[in-house]
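These protein sequence lines map, in sequence, to chains V and Z. Each residue of the first sequence is one higher than the one before, starting from 0 at the first, in numbering that gives the first Met the number 0. Each residue of the second sequence is one higher than the one before, starting from 0 at the first, in numbering that gives the first Met the number 0.
It is worth saying that the hints were derived from the structure and are not from the lab. One or more hints might be untrue.
Stated by the list, open to error - Chain V regions said to be covered by chain Z (calculated; three or more residues, Cβ under 8 Å):
id, region
1, 209-221
2, 378-385
3, 415-424
As the list claims (entries may be wrong) - Residues from chain Z that keep clear of chain V, each with C-beta distances beyond 10 Å, as calculated:
id, residue
4, 2
5, 117
6, 207
7, 210
8, 540
Quantities reported herein were computed from a predicted structural model and do not represent experimental measurements. Note that CB positions come from ideal geometry on N, CA and C, so glycine has one too.
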Amino acid sequence: MGWLTDTLILLPFGAALLVWALPAFIPRVWVGGAAFFFSLLEVGFWIWTVGRYNFGAANLQETSRLTWFSEFGISYHVGFYGYTLWLSGLGVIGMAAATGYGLWAGRDRPRAYFGLMLFLTGAVVGVFAAQDLLLFYVFWEAMLIPLYVLIGVWGGPGRMQATIKFVIYTMAGSLLMLASVIAYGLTQGSFDLVHGHSESVWIFLGFAAGFAVKAPLWPLHGWLPDAYRESPPEVAGVLSGVISKAATYGFLFIAIAHFGRPVSDLRAPILVLAAIGLVYGSLLAFRAPDIRGVIAYSSLAQMGLITLGLFATNVAGLNGAVLQMVNHGLISMTLFLLAGAVERRAATGQLDRLGGMAKGRPVLATVLMATGIIALAVPGSSAFAGEFLILTGVFPHGWGYAVVGGIAIVLAAMYMLRLISAVLHRSPAPQTEDARDLRPGELALFVPLLLCLLALSAWPAGITDRTFGQNSQTPALQSIR
Amino acid sequence: MIAASWICLFLPLGAAMLITLGGTKLSRRGAGYLATLACFGSFAAAVVTFLKMLDRVPSNRTAYSTAWRWATAGNLDFGLRILTDPLAIMMMLIVSGVGALIVAYSIGYMDGDDEERRYFAYISLFVFSMLLLVQSGNLLILLAGWGLVGLCSYLLIGYNHERPAAVAAAKKAFIMNAFGDATMALGFFLLIQRTGSLDFETVFGQAGAIGTASINLVALGLLGGAVAKSAQLPLQTWLPDAMEGPTPVSALIHAATMVTAGVYLICRAHPIFEAAPHVQELAAGLGAATLVMAGLIALVQTDIKRVIAYSTMSQIGYMFLGAGLTAYANAMFHLMTHAFFKALLFMGAGIIIHALGGEQDMRKMGGLRQLMPKTSLAMLVGALALVGIPPFAGFFSKDSILAAALARGWYGVILWIAGMVGAFLTGLYTFRMLFIVFGGEPSAYVQEHPPHDPAGRIPRLALALPVAALAVLATVGGWLQFAGVWHPVTTFLDPVVKSIAATNTQETVSSIAAVVLGALGIGVAWWIYGAKKEAPPKTSPILEHKFYFDEVYDALFYRPAVGMTRLLRGGFEGPIVLGGVNGVAGTIGALAGRVRRLQTGLVRTYVLAVAASMAVLTVVFLSVR
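All chains, please: the whole structure from these sequences, using the hints.
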C-alpha cells in the first residue's frame with residue numbers, strides 16, 4: 000500500500016544511477032533532458048499521491064515498513080502525514096524547477112551534475128517521509144553531501160571559501176544531531192518516530208542545533224551569505240527554498256513533536272532568537288548590495304518567522320508555519336532563478352549597476368514584480384495568509400512577538416520594493432541596456448512556479464485545511480498539548 | 000441580489016487577467032475598451048443589486064455569502080466572504096460608477112502611451128481590489144482588499160517607472176500604508192484572541208464585551224490603518240507625492256475611492272469605535288487637524304495637482320470629523336459628493352495638463368478661460384461644489400457634517416470652529432487656483448504652447464464625456480439629501496449605522512456660516528489673485544516644508560534604521576558571524592590549497608569527507624552492537 004511512497008523515494012535515486020551510468024558521448028542536452036524528465040515524472044507521482052491521500056484523517060498514510068535491525072528497533076519505515084506531503088511536494092517541484100534551470104543553463108559535466116540533482120531529490124523526499132530516526136539521519140546526510148559538491152564544483156569564483164564554510168557549519172550541526180539520534184535511540188530502545196517521547200533537554204538541544212544551523216536561524220547563519228551568493232542560482236534556490244524547509248520540518252516533526260517538555264521550557268528563548276532573526280535579516284536585506292544578498296537575508300528573516308509559528312505550538316501557528324514553508328520555498332526558488340536570469344543578462348548582480356529592465360521587457364518585469372509582491376506578503380497573497388496565521392498563533396505568547404512581526408511587515412515592503420526598483424525601474428544602466436526579455440525556456444519554469452503561488456493566494460486553505468487532519472490530532476499536535 | 004454582487008466584484012478582475020494574458024494580441028485601444036466595459040458591467044451589476052435590495056424591507060437588507068474557506072487553522076475559519084448591505088452597496092455604486100467614468104476618461108488620457116495595456120490591467124485590478132475592500136464580509140478579506148488597493152496604488156503611482164521621482168513616491172506610499180496594514184493586523188490578532196473570529200457579525204457583536212483596554216487597542220489599530228490609507232495626520236505625507244501618477248489615477252485612487260476607505264472603515268467598524276469612544280473622538284480630532292493643516296499647505300502649492308491633492312486631504316478630514324462624531328451618514332454622503340466633484344476637478348486639471356503637453360506648474364499657466372472655455376466651466380462647477388456654494392453638491396454634504404459637530408457638546412464646538420476655518424481656506428485656495436490658471440490674459444508660456452486637443456475623435460470624446468457627466472453629478476448630486484428637509488441617504492443607511500441627528504437650528508447656523516466663510520475665501524482670492532489689488536503674501540517656510548513632517552520622519556525612522564543596519568553589518572555580521580568562520584575556513588582553505596593542485600580534487604575531498612563520516616557511523620554501530 001505504500002508503494003507510491005517507495006516510488007517517490009527510490010525513483011530519483013534510480014534515475015541518478017542511470018544518469019551517472021550514461022556513456023560519456025551522450026550530448027549534454029540529452030543527459031539534462033533525461034534528468035528533467037525524471038524529475039517531472041516524480042512530480043507526477045507526487046500529484047498521484049495527493050489524489051489518493053485522505054486528508055480528513057490525521058494518521059500516517061501511504062506507509063511502507065521493512066525491519067532492518069530488529070534488536071535496535073531500526074527499520075525502513077516511511078509514510079506521509081498531510082503536512083509532510085505538502086512539504087515533499089515543495090521538494091519535488093522545487094527540485095524539478097532547479098533541474099530544469101540547470102538544463103536550460105547548460106551546466107558542464109552534465110552526468111555528474113544531473114545525477115547529483117536527482118540524488119538530492121530522492122534524499123529530500125526521504126527526509127520528509129522517514130519515520131525512523133536513523134533513516135531520517137541517513138537521508139539528512141545524503142541530502143547534504145550532493146550540496147557540498149554542487150556548490151564546490153559549479154559555484155561562482157568564491158566557491159571554495161563558501162563551500163568550506165558550509166561544510167564546517169553543517170558538519171558541526173550534523174555531528175550534534177548524530178549524537179542526539181544515538182542518544183534518543185538508546186534511551187527509547189527504538190528509533191521509531193511514530194511513537195516515543197523524550198523529556199531530555201540535552202537531546203532536544205542537539206537536534207535543535209542541527210536544525211538551527213541548517214535553516215539557518217540567527218546567529219548561526221555565518222555560512223549563508225557566501226553559500227547563497229556563490230552557488231549556481233538554482234542550487235541557491237534549492238538551499239533556501241527546499242533544504243531550509245527540511246530543517247524547519249525537523250524542528251516540527253522531531254524537536255517539537257517528540258520533546259513536549261523541553262519545548263515549553265525553552266520556548267521563550269527560542270522565540271526571542273527567532274524574533275531577533277526576523278528583524279535582523281530584514282534590516283540586512285534592506286541594505287544588501289546585490290540581488291542575492293537581499294534574497295539571502297530575507298530568507299534568514301523568513302526562517303525566523305517560520306520558527307515563531309512553529310514554537311507557538313498551537314493550531315494557528317503550526318498551520319501558518321507549514322503554509323509559509325511552502326510559500327517561502329516557492330518564492331525563494333523563483334527569486335533565485337530570477338536572480339540567475341538577471342545575472343546572466345547583466346553579468347552582475349550588484350543593485351547599483353542594474354536598473355531599467357522593465358522597459359521593453361514586459362515578461363521579465365511582470366514575473367519579477369508578481370513574485371516580489373507576493374514575497375513581501377501583500378495582504379491577499381498566500382505569504383500574507385501564512386504570516387497572518389503565524390502571528391495569530393504567536394500572539395498569545397506575548398504581544399511583543401506580533402509587534403516585531405508588524406515591524407517586519409514594513410521592513411519586508413522596504414527591502415523587496417528596493418530590490419524590484421533597483422532591477423526594473425529608472426533608466427536602463429549600461430549593463431542592462433541590451434538584455435533580452437525572458438526566453439520561452441525560462442518561462443516554462445517561471446510560469447508554473449508563479450501559478451502555484453497565485454493558486455495558493457486564491458486558496459491558502461487548500462493547504463491549511465489539509466495539514467494535521469480534521470481535528471488536528473496528529474501525534475505532532477497531541478504530544479505538545 | 001447575491002449573484003449580482005459577486006458579478007460586480009469579479010468583472011474587473013476578469014478584465015485585468017484578460018489584458019495581462021492577452022499581451023500584444025490585444026490592441027492598446029482594445030485593452031482600454033475591455034477595462035471600461037468591465038467597469039460599466041460592474042456598475043450595472045451594482046445597480047441591479049441596489050434595485051433588488053430596495054425590494055426588501057429595510058430590516059432585511061443584509062446578506063452574507065461565502066465563496067470558499069480562504070485561510071483556516073483548526074477552529075479559525077476566514078472565508079472569502081462578502082457582505083451585501085446598504086453601506087456596502089452605496090460604496091459599490093460609487094466605486095464602480097465613478098470608476099467606470101474615470102477608466103473611460105483614461106482611454107483619452109493615456110492614448111498614445113507606450114504601455115497602455117499595463118495601465119488598463121493595473122486600473123482594472125484596482126477597481127476589483129477596491130470592490131473587494133468595500134464588499135468584504137470579514138475583517139481579513141477587508142484587509143486583503145485594503146492591501147491590494149495599496150498595491151495598485153503603488154503600481155500606478157510608479158507607472159512611469161523611468162522617472163526616479165515617480166518610483167520614490169510609489170515606494171513611499173506603499174511603505175507608509177504597510178505601516179497602517181501592520182497596525183490593523185495587530186488589532187486583528189487581539190480580536191482573534193478575544194473573539195475567535197474576524198467575521199463582522201461576531202466581532203461587532205462582541206465589541207462591547209472584550210474589555211476596555213482591548214477594544215481601545217483594537218480601535219487604535221484600525222485607526223492606524225485608516226489614517227494611513229486616507230492620508231490623515233500623522234501618516235499624510237505620501238499623498239502629495241502620489242501625484243506623480245497619471246492624472247486619472249489621481250482622480251480615481253487618490254481622490255474618489257481609495258483614500259476615502261478610512262472613512263468607510265470607521266463607518267463599517269462603528270461598533271468597535273463606539274465601544275472605544277475616546278479613540279473615535281481622536282479620529283474626529285485628527286480629521287479636524289488635518290483639514291486645517293492641508294488647507295494651509297494648499298495655499299502655497301504651485302503644482303495644480305498638488306493643490307487638488309491637499310484639498311482632498313482636507314475634505315477627507317471633514318469626513319473623519321463626521322464619522323468620528325458618529326455622523327456616519329453625513330460622512331458617507333460627503334464621501335459620495337466628494338467623489339463626484341473631486342474626480343471632476345482632477346479630470347479637468349488632466350485636460351489642462353494634457354493640452355499643455357504635460358505642464359503642471361500653475362505659475363506658467365494663466366488666461367486659459369479664453370482658450371478652454373468648456374474646461375474652465377467644468378472646473379468652476381467642481382470648485383463651487385468643493386467650496387460648498389449652493390446649489391452645488393458640497394453645500395449639502397459638508398454643512399451637514401458641521402451641523403452634526405454642533406450636536407456633540409464642547410468638543411464638537413471646537414471641531415466645528417476648525418471646520419469653519421477650513422471652509423474659509425477651501426474658498427481661498429480653490430479660487431486662488433482658478434484665478435491663477437484661468438484668469439487674466441494668456442501667459443507667456445501659454446502663448447508659446449497653445450493648448451491643443453488630443454488627436455482623434457475617440458480620445459476627445461473619452462476626455463469630454465466623463466467630465467461632462469461628473470459636472471452634472473457635482474451639480475445635482477447633493478440634492479439627494481437636504482438635512483432637515485429630506486434625508487433618504489440617512490434613512491437608507493439607518494439599518495447599518497445610526498447617525499447622530501442635528502437640530503434644524505444647528506443646520507441653519509452651520510450652513511449660513513460655512514457659505515459666508517467660503518464666499519469670503521473666494522472674495523479674498525479674487526482680491527489678491529483675480530483683481531490683483533494686493534501682492535500675494537510671502538509664503539512661509541513652514542508651509543513650504545509641509546510642517547516638516549517628511550524631515551521629522553526621515554530623522555526618526557529612516558535614518559535610525561539605516562544607522563542600525565550599518566551598525567549591525569559592521570559591528571556584528573561582519574566581524575562576529577562571518578568573521579569567526581572565515582578564520583577557520585581560511586586555515587583549512589590554505590591547507591587544502593597546498594595539498595592539491597587539481598580543481599577536481601575538491602570533489603575528492605568531499606567524497607573523502609563523506610566516506611569518513613560514514614565510517615564513523617559504522618564504527619558507532621558496531622561498537623554499540
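Going down the list of hints, with the structure as the test:
1. Coverage of the region 209-221 of chain V by chain Z holds [criterion: at least 3 residues with CB-CB distance below 8 Å; count 3].
2. Only residues whose C-beta sits within less than 8 Å of a C-beta in chain Z count toward coverage, and the region 378-385 of chain V has 4 of them, enough to reach three; the restraint holds.
3. Remark: the region 415-424 of chain V is confirmed as covered by chain Z, as 5 of its residues place a Cβ nearer than 8 Å to a Cβ of that chain, reaching the required three.
4. Every CB of chain V is more than 10 Å from the CB of residue 2 of chain Z (nearest about 20 Å), matching its label as outside the interface.
5. With a cut of 10 Å on Cβ distances, residue 117 of chain Z falls inside the contact zone with chain V, its closest approach being about 7 Å.
6. No Cβ of chain V comes within 10 Å of the Cβ of residue 207 of chain Z; the nearest lies about 22 Å off, and the non-interface call holds.
7. For residue 210 of chain Z, the condition that its CB be more than 10 Å from all CB atoms of chain V holds, with the nearest at approximately 14 Å.
8. Under the 10 Å C-beta cut-off, the non-interface status given to residue 540 of chain Z relative to chain V holds; the minimum distance is some 30 Å.
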